[in-house]
Structures are given as C-alpha cells and as structure tokens.
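*Asks:* Sequence:
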Amino acid sequence: MAWREELNVFFKTTSIKGFKRVFDSEANVIKYLWTISIIALFSVAGLQCYTIISNFLSYSTVTLMVQKNGDANEFPAVTICNQNPFSFQGEISYGEYLDHLNDNIVTKHEELLRKLLKSIDLDETEEIWLLFNNILSAKGFYTGLTPEEVGWHGHSFEKLVLDCSYFQYGGLLNVRKPCTKMANITVSHHPNFFNCYTFELIRDQQTVNILDITLILHNQLRRKEIESPYSFPKLYGAKVAVHQPGTFVDVEENGIEIPPGRSSTLQLIPEEIDRLPKPHGNCISKESSPYPNLVDLGGKSLKYNYQACLYACFQQELVKQCQCIDPNLLVYININDKKQRVCQKLTKNSSVEDVVQSVIDLNCTFTAIKDVHNCLKTCHPACSETKWDTRISYSLWPSQRELVSFYKTIGFLQRQDILEDYGIFLEVEKLEEQGRFTEAYQLLINSSNLQENVVRIKFINTGRDGYKKFLEVEKYNSADVVSKLGGLLNLWCGISAVIIIEVLEMIMRIISRQTIHTNKVSTIRN
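Each residue of the sequence shown is one higher than the last, beginning at 1 in full-length UniProt numbering.
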C-alpha cells in the first residue's frame, strides 16, 4: 500500500525527535523504550493543549487595574435630598391624610378590613398590619400624589439651598461661580425624600480644573413661630449620591448620609471601568440595551445603567402580574408606562374599598418583585461606566469664628425668611447691639435649632491628580493560544512548524504514487 510505505518513510525522516530512534535502534528494548516515551510525552502535551484550547473557548477574562496620570474627563453629577421630605405645608397635608385613614377607615372598619385582608391569604395579623403600615407611611402618601403635588409637598430649591458654588483653579486664584450658571439643576422625586435635586455640570463648562461644590442646606425643622399640629419622627441632615451624569441613582439605596451641624468633605476618586461584551463578558452597550427608552417619573430620558435596568424590569413584571405600576420604583421603560394604573394609590378622600385595593396591590407587588430571576438574567452592568470612590471627613460647623460670615452670607442672599425661622435670632441681634458678642456667639453655637437645620457639603474631585482605570481583557487571544500550543508541542514532542511542510510533502507523494499506479492499471487494461 502506497500510503503505508510513505507513512513509514515519513516517520523515518521526520524532524520530530524520537521517531527515528524507534526505527534506527537495533535492540528491541530501546525501541520499546522510545515508543513508550513518545506515547507518554504526546499524552502530556495533548492534555495541556486540551486545557489551553478549553480555556480559550470558555472566553475567560482577567481584570487589569491601570493608574492613569492624566486628568479625568468628567465631573460627576450630584443628587442631594433632604432627609425630612416635607415642607411645612406638606406636613400639614400629610397629617390630614393620616387623620382621614385613621378616623374614617381604620377605626370604623377595622373588622371589615381584617376580613377582607384575610381573604387574600394574609392570615398573619403581623403581616397584615405590616402591609397596612406601609400605606400609612410617607411612601403610601407619596403614591397618591401627582408629580406636581409631590413637588408642592416637598422642599423647593429656593427654600432648601442657601448657597451653591463651583470653584475652579484659575492660575493662583480660585474662581468661584454660582451653580445656576455652571450646572443644569433638575428636580426628581423619591418616595422617601419627595424632592431631590441633581446638579450636572454643563458640557461647555466641563473642564478638568473643577475643584469642588459647596452646598448649604436649610432643613426647615423646629420652627418656633409656627408649630405643625402633627408630630412626626424627624430625620435630620441630607442624603447625597454621586453618579455618572444622565444616569439613574436611587439615593435611598446608594446615598451617603450627611449629618447637620457639620461641614462634610467628600473626596471623589474616579474609577473608569471597561467591560467586555459577549462572548467574553455579559456587559450591555448602548446599542444592546434591553430597554433603550428608560425615563424617570418626570419623563427625563436616562442613560443605561444596571440599577435602572433592574427597576424597569421589575416595573414590567408588575404591569404583567398586577396590571399597575409602582411609582416607588422610579424608572419606566417608556413614557407610556406612566399611563398605567398606579398601585396602592390613596388620597385624602379614599374609601375603605380603595384602602383594601391598595393592600391587595401591595401584596401583589411583593410577590412580583420576589420573582426577579428573569430580571437578573436580562440586566447586566454597562460596558463602559465611571464610578467614584468616596472618602468623607467631618468638622464642626459653623464654628464661632465662622458665624459672622455665615449670617453675612444669608443676609447677602436676602434670605430674611430663613433668619426668622430661628427663634433665637432676635435675641442674638439684641446681644450684638449691646456689644455682648461673646454671649451672642455662644448662644448661636449652643442652638440645637441651628445645628439641626444647617448642613454644609463640599465635594472635591481628585481626578485632576490621576485616576484608576479597570480593564476587562481576554485571558487568551488567538495569538496567545498559538504561541502556547507551539511552546508545549516543541517542549514535549519536539514538533515545530516545519512538520506542516513535511506532512504536505508526504500527502503529495501519496497522491503522486496513486496517480502513477492508476495510469499503469489503465494502460494494462487497454
């Protein structure tokens, strides 16, 4: 057989080390030794090659961290919320809402409520009233309000923010510019905070020498001139979240609590993250987003991020299972979703049937959100995003030496309405008129009214000093695989790329001999 003869010649003349020894050795023991050795070495090489190819086909990745020395290109968006959601008029309206539910529904129809609630398989009293208390909370009140009503019940920007400035390096001087000229300031709504305000630097102003933002907040608590007739638990201070401009953030889940009576400094350390899409990773690009038309409660378009995708997916599950939307989820797949019936919607004029329907909606909401496996499969992190690692420090504020400057700032801003909120202001003014400045300062410092109402926050962007970049890269690419396979085969078997030419030569000889043999047979027959 021609192919057997040529294969025999190939093994005797090949550049693969070891095969010639099998044929050239005179002693059978040596031949057997070389044969066993070749089989063993080829087996080891085969196993290692299989491992490399398997790893390549599994699309494994590694994450590299690179320290960049240049300036970060983007200053973050900052969303800030008052921990106390209600303005003074909002507190009164919320109290009336509670009075109606307690006096006209809970007290008069307690037994009816229990029977109706048990009819939806909520047999445990504790669970029933846990659900019902959720409706009585500020969140329950929030669900029955329109966006305009939420804005009215919450803090207005003018009342909340006393001063807001961006600072830039300008040679040897720091240039101070008001936020209203440097940033787009938008309001968003949250069931825990009602009105939240987001500061996004205008693109034309997006220069790398931005240093910080300073905000002074007024919490509008404990007014002495007018007391609310309702007593609610008070939360003091602010909650802030730092995020990529144009993206959604849930301040309740991702925010940082800022205490009052302090000057809080947040150092923002940017981290850029680049991930790989399929088949190596599972990130989602702008083009592959499962929900390309995400909007918030106000109809503002949102860029894709993981949290917004999850909320939108949950919202879609609610529409399927409960035939309503939950405004607590804050994100909609498109603007038409807002036309759906609102789950758990209650107003001051709600009937007992409305309350029962709200509890049914709430129970359905809990059930739907528990079934989130599809959403976890659908939503993945964005392929490219920037996050900010935050380090925070505090100092007492305003200190005695800063009080004069603080009140001058308020006076310069013509915020007499805020000064009058402090019951001690007239007394301090009298002490200053009498020249008793030390006593006046001490009175201001010791005032819980001041300490519980004023928050100062400074954001310092450290991206100008360099930043971290995390890159997800392929663990094996085609060049790596070829290189590793070549090294293994040469190490264990002595095989190099020359073997390809030798195999081609053998095939050509076999074909040539077969052709000659066929021609001879044809000639003899003729």
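Do not take every clue at face value.
[Stated by the list, open to error] For lysine-lysine, the following DSSO-like pairs were computed, each having C-alpha atoms within a straight-line distance of at most 30 Å:
| hint | residue 1 | residue 2 |
| --- | --- | --- |
| 1 | Lys320 | Lys387 |
| 2 | Lys468 | Lys458 |
| 3 | Lys300 | Lys377 |
Since the hints were made in silico from the structure, they are not lab data.
*Asks:* So if I understand the rule, the pair passes when the alpha-carbon distance is 30 Å or less; does Lys300 with Lys377 pass?
*Replies:* Cα-Cα ~26 Å, so holds.
*Asks:* Assess, step by step, whether the Cα of Lys320 is no farther than 30 Å from the Cα of Lys387, and give holds or violated.
*Replies:* violated (33 Å)
*Asks:* Taking 30 Å as the top limit, are the C-alpha atoms of Lys468 and Lys458 close enough?
*Replies:* holds (22 Å)
Checked against the numbered hints given earlier, this structure breaks only hint 1.
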